[in-house]
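Asks: If you read the sequences in order, they're chains P and C.
Once you know that position 64 of the first sequence is 64 in our numbering, the rest is easy, because the numbers rise by one and skip nothing.
Whatever position you read off the second sequence (first residue = 1), add 1000 for our numbering.
No lab work stands behind these hints: they were computed from the structure.
Built from N, CA and C at the ideal position, the CB exists for glycine as well.
Do not take every clue at face value.
Unchecked claim - Computed far set for chain C versus chain P, every beta-carbon distance over 12 angstroms:
#1 1047
#2 1076
#3 1102
#4 1106
#5 1157
#6 1213
Unchecked claim - The calculated label-pair distances, taken between Cβ atoms and stated as ranges, are:
#7 P:28 / C:1090: 46 to 56 angstroms
#8 C:1188 / P:47: 48 to 58 angstroms
#9 P:43 / C:1049: 33 to 43 angstroms
#10 C:1108 / P:24: 49 to 59 angstroms
#11 P:81 / C:1210: 27 to 37 angstroms
#12 C:1075 / P:66: 49 to 59 angstroms
#13 C:1155 / P:12: 29 to 39 angstroms
#14 C:1086 / P:60: 41 to 51 angstroms
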Amino acid sequence: MIALIRLAVFGFIGLSVLYLLLSVYSRSVRRETLEKTWDADHAEGGDPAARDAYIEAGMQEYQKGLRRKLIWLVYVIPMIVIAVTVYLVNYQ
Amino acid sequence: MSGYVYWGIVLLVIVAAVVAVRIWLPEGSAGRRRLKWAIWALVILVVGGFLHYTLPQHDIVRVVNTYQERQDLDDWTRIFWASPDDQSTGLINRDVQFLQTVKANGKPMVYRNEDTGWSWPPYFKFDTANLQTEAEDLKSTAADPQWVSVTHYGWRIVYFSAFPNAVAIKPVAGPDVTIIPWVNIVILTALAVLLLLFRRMWLQFRERSVDPVLEDIGGVWDDVDERADQAADKARGLWGRIGGWFGTWKGKPRR
């Protein structure tokens, strides 16, 4: 029982670290894409305020988007893998 | 000796080694290069060994007998035994089940049969008694062999009385059947993807969060003194140069 609790606690900590890293990375990549899109459309750089507004709007879109929700798979996939392993090892 | 003394000695040895390297093998010397290779070789050896010990493998064998034997577990060879339940970490001896088998080439192979429970390695094996029964059921003689594939992890080290842990057993047609290691393919691919992902994440972090700061510092140096700029460049090292290369095709810096 203690081993199961230990696995749950350390697993949760480890996956949470991975979740945080992935969400920061994903946000960073999206912001970079938005910046590059703007810069490609505005060769002269355009209005800095409009550029910031464009990027902020894009980031708000990201907050509501599917990709951000997909990062929850970081928790889901290991759970499924463990459940499948328990089944295959013990009941097959 | 207590554990703290051991770890204190280990720490002292590491510090002494680092100091010795700094004194006798200066930056850029041939010795330093050789040492770097040696450390990489050691890392690959340790990681490769760890994976080879932990990942599942298949042996085609013939079960000849099973037995159960009291094992003493109170020295360092404890690392070669599993921890089936919570009390087992405190026990200094307990009974362990074994499978005696013979390979196609006639050499003997003995497996232990232990639960891994919820602890390392993550096989989540709880069906030791069932596996023992299946093995018992598949016993055969050399005259009328029943070949089986034993999935296992671990190493047989005769000198340390270490045994691989059997995880599954299933009958196969003959001693020459090919078994595709799907589990290993999936796990190693996933590990490679994770490694590349971490590398990509690190590069993104350098490009977006560290290099802009270093560029600012570099800019100030520029205005002050050429030589100082070169020093800063040198300090940035490999990662700075990679970041600089990324910078050549990145857009206008964010304000």
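Asks: Is it true that residue 1108 (chain C) and residue 24 (chain P) lie within 49 to 59 angstroms of each other by Cβ?
Replies: Taking Cβ atoms as reference, residue 1108 (chain C) and residue 24 (chain P) lie about 54 angstroms apart, which means the hint holds.
Asks: For the pair residue 28 (chain P) and residue 1090 (chain C), does the Cβ-Cβ distance stay inside 46 to 56 angstroms?
Replies: Roughly 47 angstroms apart at Cβ, these two residues keep to the hinted range, so it holds.
Asks: Looking only at beta-carbon atoms, does the pair residue 1086 (chain C), residue 60 (chain P) fall within the given range of 41 to 51 angstroms?
Replies: holds, 49 angstroms
Asks: Can we trust that residue 1213 (chain C) is non-interface, i.e. its beta-carbon lies farther than 12 angstroms from all of chain P?
Replies: holds, 15 angstroms
Asks: Was residue 1076 (chain C) rightly flagged as not at the interface, with every chain P Cβ beyond 12 angstroms?
Replies: With a cut-off of 12 angstroms, residue 1076 (chain C) remains clear of chain P, as the shortest Cβ separation is near 21 angstroms.
Asks: Is 29 to 39 angstroms a correct range for the gap between the Cβ atoms of residue 1155 (chain C) and residue 12 (chain P)?
Replies: Holds, at about 32 angstroms.
Asks: Given a hinted range of 49 to 59 angstroms, is it respected by the beta-carbon distance of residue 1075 (chain C) and residue 66 (chain P)?
Replies: Given range 49 to 59 angstroms: holds, Cβ gap about 54 angstroms.
Asks: Examine each Cβ of chain P, and state whether all of them lie more than 12 angstroms from the Cβ of residue 1102 (chain C).
Replies: Correct as stated: the minimum Cβ-Cβ distance to chain P is 25 angstroms, above 12 angstroms.
Asks: Going by Cβ atoms, does residue 1047 (chain C) stay more than 12 angstroms from chain P at every point?
Replies: holds, 18 angstroms
Asks: Are residue 1188 (chain C) and residue 47 (chain P) spaced within 48 to 58 angstroms by their CB atoms?
Replies: holds, 50 angstroms
Asks: Would the non-interface assignment of residue 1157 (chain C) survive a Cβ cutoff of 12 angstroms against chain P?
Replies: holds, 24 angstroms
Asks: In terms of Cβ atoms, is chain P entirely out of 12 angstroms range of residue 1106 (chain C)?
Replies: holds, 30 angstroms
Checked against the numbered hints given earlier, the structure breaks only hint 9 and satisfies all the rest.
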